[in-house]
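Trainee: Chains as they are written, first to last, in the working numbering: chain A, 1 to 505; chain B, 1 to 230.
The hints are simulated quantities; they were obtained by calculation from the structure and are not laboratory data. C-beta atoms are modelled at their ideal positions from N, C-alpha and C, and glycine is treated no differently. There's no promise every hint is true.
[Said to hold, decoys possible] Simulated DEER-style distance windows between Cβ atoms:
#1 A:Val-275 with B:Gln-9: 42 to 50 angstroms
#2 B:Trp-113 with A:Thr-292: 52 to 60 angstroms
#3 B:Trp-113 with A:Thr-143: 53 to 61 angstroms
#4 B:Gly-106 with A:Lys-51: 49 to 57 angstroms
#5 A:Cys-388 with B:Pro-82: 16 to 24 angstroms
#6 B:Gln-9 with A:Thr-292: 52 to 60 angstroms
#7 B:Pro-108 with A:Glu-259: 29 to 37 angstroms
#8 B:Trp-113 with A:Gln-483: 49 to 57 angstroms
#9 B:Gln-163 with A:Ala-344: 44 to 52 angstroms
#10 A:Thr-292 with B:Pro-108: 41 to 49 angstroms
#11 B:Ala-31 with A:Thr-292: 45 to 53 angstroms
#12 A:Val-330 with B:Gln-163: 33 to 41 angstroms
#13 A:Gln-483 with B:Glu-6: 51 to 59 angstroms
[To be verified] Each computed DSSO-like pair below joins lysine-lysine, with the alpha-carbon atoms no more than 30 angstroms apart:
#14 A:Lys-91 with A:Lys-268
#15 A:Lys-205 with A:Lys-220
#16 A:Lys-220 with A:Lys-268
#17 A:Lys-205 with A:Lys-272
#18 B:Lys-99 with A:Lys-326
#19 A:Lys-326 with B:Lys-140
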Amino acid sequence: MTLWLYLHFPAIQLDKLKMAAQAQTPDGVQSGDDLSALSRPCIIVGGHDNKVMQLDQAAAQLGIKVGMGLAGAAARSRELLVHPYDEADEKRTIREIAQWLYLITADIALFAPQGLLLKVSGMLAMYRDLSHYLSTLHAHLDTQSFSYRFACGYSPEAARLLAEHHGALVSQDPKVLESALLGLPLTALSLPAKALEQLRRVGFKTVADLFALPLVELGKRFDCELVQYVSRLRGKVPHPVTFYQSEPEFERHLPLLYEIENLDWLNKPLLKLLVQQEQFLRLRNRHATQLTLTLHQRDAEPLVLSIGRGEGTDRADLWLTLCDLKLSTVTLSGPVQAIGLKVAQMCQPDELMTDLFAERRGTMTPAGLVAVLQARLGEQAVQGVKACDDLRPERASAYCTPLSVSGTPLSGTPLSGTPLSGTPLSDDMMASSAMRYLRPAFLLPTIQPLQHKVTVHLGPERICTGWWDAHGIERDYFVAQDQQGRWLWVFRDRQQRWFCHGIFS
Amino acid sequence: MSNLIERLQRQDLVWQGTGLADRQQQGVLTATGFAELDKHLQGGFPAAGVVDLHTDLGIGELRLLLPSLMRQNGLTAVISPPARLNADALQRTGMDTSKLLEITPGCPQEALWAAEQCLKSGACNSVLLWHGELQVHQVKRLQLAAQTGEACLYLLRYAHQAQGTLPVSLSLGLSPHARGLNITIKKRKGGWAQAQFALDLSSRWPELTEHFHTQSKEMPEAARQYRTGR
Chain A
1 MTLWLYLHFP AIQLDKLKMA AQAQTPDGVQ SGDDLSALSR PCIIVGGHDN KVMQLDQAAA
61 QLGIKVGMGL AGAAARSREL LVHPYDEADE KRTIREIAQW LYLITADIAL FAPQGLLLKV
121 SGMLAMYRDL SHYLSTLHAH LDTQSFSYRF ACGYSPEAAR LLAEHHGALV SQDPKVLESA
181 LLGLPLTALS LPAKALEQLR RVGFKTVADL FALPLVELGK RFDCELVQYV SRLRGKVPHP
241 VTFYQSEPEF ERHLPLLYEI ENLDWLNKPL LKLLVQQEQF LRLRNRHATQ LTLTLHQRDA
301 EPLVLSIGRG EGTDRADLWL TLCDLKLSTV TLSGPVQAIG LKVAQMCQPD ELMTDLFAER
361 RGTMTPAGLV AVLQARLGEQ AVQGVKACDD LRPERASAYC TPLSVSGTPL SGTPLSGTPL
421 SGTPLSDDMM ASSAMRYLRP AFLLPTIQPL QHKVTVHLGP ERICTGWWDA HGIERDYFVA
481 QDQQGRWLWV FRDRQQRWFC HGIFS
Chain B
1 MSNLIERLQR QDLVWQGTGL ADRQQQGVLT ATGFAELDKH LQGGFPAAGV VDLHTDLGIG
61 ELRLLLPSLM RQNGLTAVIS PPARLNADAL QRTGMDTSKL LEITPGCPQE ALWAAEQCLK
121 SGACNSVLLW HGELQVHQVK RLQLAAQTGE ACLYLLRYAH QAQGTLPVSL SLGLSPHARG
181 LNITIKKRKG GWAQAQFALD LSSRWPELTE HFHTQSKEMP EAARQYRTGR
């Protein structure tokens with residue numbers, strides 16, 4: 001027989017809110033306000049009639065109980081914090097917990113929104129015994145600070161019932177488990193109200209009464225559904241479960257207990273998500289190159305920020321600095337209620353081939369530097385330059401993504417055939433180089449009319465091209481010097497107008 | 001007596017030239033590519049530090065720096081340049097344009113921030129920054145960043161913006177000359193200021209010196225026409 005362990009998380013949403021609250025409180029600053037805010041009783045209400053579904057200890061002390069109406073609960077205390085139940089969020093969270101448990105146990109079935117079923121039998125080959133397995137599981141799960149109840153069982157349904165209604169029951173002995181199951185009241189069973197009513201009328205009170213009757217007899221008196229349920233509960237018929245498979249993508253959503261207006265306070269909740277992301281990436285031996293950070297604002301569209309880093313990394317601290325820089329440039333249109341984080345692009349980690357012994361004290365790589373600069377200044381403000389294959393001066397040079405490999409090599413050769421690289425020119429070369437390919441190091445962003453007197457030293461160089469597209473030019477270029485001794489690149493167009501186009505710096 | 005000197009040293013009030021001499025011998029200078037300038041600077045530009053250039057735009061200030069920039073392996077960041085960089089021209093000169101970063105920040109504060117990031121990253125070998133007035137504390141911060149990342153900051157400013165003294169490693173004044181540039185070494189860490197001397201740039205860029213044009217007699221017919229304006 002297969003042994004199952006069921007984990008029941010009764011208050012996922014509440015636990016998550018409390019966690020966020022702790023993360024929101026900055027360390028060291030434990031002012032009275034924060035403490036009192038943390039200790040305020042908190043409840044989650046849901047359903048069409050607004051019943052209390054989850055409550056914390058402070059709320060329980062006030063006498064609030066699960067199933068109480070909202071009005072009744074609110075009447076107990078003025079301080080009460082009320083949150084609506086969010087099933088979608090719980091479903092998301094239970095997947096996250098499953099993902100976390102997947103690191104130490106193999107077969108996990110999701111019982112959304114609040115339960116997880118683990119197949120223990122297979123794992124006992126890896127762990128010494130049941131207690132070793134459980135202690136590992138507890139230690140692993142306690143880091144997430146969710147409250148949970150658990151129980152073993154020889155059928156999934158039995159384990160679930162015991163976890164939800166008995167709790168903390170771990171044993172491999174079938175008799176112990178059986179006796180615990182027999183003690184449960186019939187109302188615990190997930191049967192339709194009609195079937196429960198029938199059983200009650202017959203005089204059955206506990207599971208023991210139900211099990212006392214042979215299945216054949218049950219089949220004669222009750223409908224087929226009940227018989228099937230009982231046989232599944234007793235482990236006579238296999239219970240179909242689909243096991244969880246790890247997700248290929250990282251996506252997290254963190255609701256905040258208190259709305260945040262100051263972006264500096266986002267750091268700690270964000271770091272929590274980034275640390276989870278780091279674990280996710282490290283286990284898959286991947287690096288992230290782009291993140292999508294979503295700030296859900298009150299009464300406004302969510303703000304979606306895309307944060308890129310040319311050279312991928314999995315380190316949470318590096319990503320946090322980039323996020324900080326990005327956040328310092330945005331303005332919120334409303335307080336932030338929740339944050340979402342998603343890895344938009346992943347890549348294989350590439351090992352850096354750097355010299356181990358070279359004494360360099362700066363620690364950043366070029367791509368890392370570009371990422372930092374772009375996060376703060378915007379992508380447009382940080383550009384690489386490349387030469388393009390075009391004779392028109394304004395098109396011969398273009399912006400490109402920083403650090404990209406050199407553009408297309410120029411097919412045109414310099415008119416004298418000698419590149420200017422380094423070596424001084426001989427005398428006859430100098431004589432023949434009057435018409436060398438000479439271009440200024442700076443081009444004015446827009447062509448300016450020439451407004452002061454200049455001395456023309458060299459020229460003309462006629463550039464007459466581009467008739468095939470809409471940007472044809474017909475210009476005579478000259479190298480000129482103005483009265484301050486500045487070297488300018490000027491041209492005259494067909495209408496004999498003079499313009500300045502560049503500066504020989 | 002020795003006690004007093006020690007105490008002053010601890011407070012950083014005494015500056016000893018001997019320590020600096022040691023550091024210079026370790027080769028923390030990069031050759032400028034111009035033998036004459038190297039001689040005047042006793043080796044070249046500092047490899048890590050701030051070089052203050054008081055210059056007009058377009059007289060050859062970039063040509064002065066290009067040979068040393070071309071020899072570097074790391075990145076060269078160009079922050080708030082007066083106009084767009086022309087990759088075509090730089091590539092013809094022999095510069096690897098993929099190592100260039102053109103950064104155009106929105107305000108002077110961001111320009112200083114970007115310069116500091118580039119300097120201390122260790123990824124840049126040199127940073128060119130066009131900037132106006134600077135405070136002493138800002139320069140000190142940039143110096144520290146330059147030491148951290150072992151990079152050199154070339155600060156290009158107009159002479160009229162360069163009032164007062166700043167704690168820079170080297171300060172040069174540039175002005176146009178018929179054969180190239182007039183250079184004044186206004187201040188040098190561990191050395192004396194020097195009077196103006198002329199640096200001949202005509203070996204590399206003959207067309208961009210007045211001297212070349214006054215010497216060359218043969219002028220294309222067409223050019224003469226344009227010059228006389230006919």
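Trainee: All hints, please: hold or fail.
Mentor: Structure-based check of all given hints:
Hint check: A:Val-275 to B:Gln-9, Cβ distance near 46 angstroms, so the stated range 42 to 50 angstroms holds. Between B:Trp-113 and A:Thr-292 the C-beta distance comes to about 26 angstroms, which lies outside the given range of 52 to 60 angstroms. Look at B:Trp-113 against A:Thr-143: about 38 angstroms separates their beta carbons, and that is not inside 53 to 61 angstroms. Remark: the range hint 49 to 57 angstroms for B:Gly-106 to A:Lys-51 is upheld by a beta-carbon distance near 55 angstroms.
A:Cys-388 and B:Pro-82 have their C-beta atoms about 22 angstroms apart, which keeps the hinted 16 to 24 angstroms range intact. A beta carbon spacing of about 55 angstroms between B:Gln-9 and A:Thr-292 agrees with the range 52 to 60 angstroms that was offered as a hint. The given range of 29 to 37 angstroms is respected by B:Pro-108 and A:Glu-259, whose C-beta atoms sit roughly 36 angstroms from each other. For B:Trp-113 paired with A:Gln-483, a C-beta distance near 37 angstroms fails the hint of 49 to 57 angstroms.
Here the CB-CB span from B:Gln-163 to A:Ala-344 is close to 50 angstroms, well matched to the stated 44 to 52 angstroms. The supplied range of 41 to 49 angstroms is broken by A:Thr-292 and B:Pro-108, whose beta-carbon atoms lie about 32 angstroms from each other. Separation of B:Ala-31 from A:Thr-292 is about 48 angstroms and conforms to the stated range, judged on CB atoms against 45 to 53 angstroms. Taking 33 to 41 angstroms as the suggested C-beta distance range, the pair A:Val-330 and B:Gln-163 conforms, at roughly 38 angstroms.
Here the CB-CB span from A:Gln-483 to B:Glu-6 is close to 58 angstroms, well matched to the stated 51 to 59 angstroms. With a C-alpha separation of about 24 angstroms, the suggested pairing of A:Lys-91 with A:Lys-268 holds against the 30 angstroms cut-off. The straight-line distance between the Cα atoms of A:Lys-205 and A:Lys-220 is roughly 20 angstroms, inside the 30 angstroms bound, and the hint therefore holds. With a C-alpha separation of about 62 angstroms, the suggested pairing of A:Lys-220 with A:Lys-268 is violated against the 30 angstroms cut-off.
Straight-line distance between C-alpha atoms of A:Lys-205 and A:Lys-272 comes to about 48 angstroms, which puts the hinted pair past the 30 angstroms bound. Distance hint between B:Lys-99 and A:Lys-326 is fulfilled; the C-alpha atoms sit about 25 angstroms from each other, no more than 30 angstroms. The straight-line distance between the Cα atoms of A:Lys-326 and B:Lys-140 is roughly 27 angstroms, inside the 30 angstroms bound, and the hint therefore holds.
Consistency with the previously given hints fails for numbers 2, 3, 8, 10, 16 and 17, ordered from lowest to highest.
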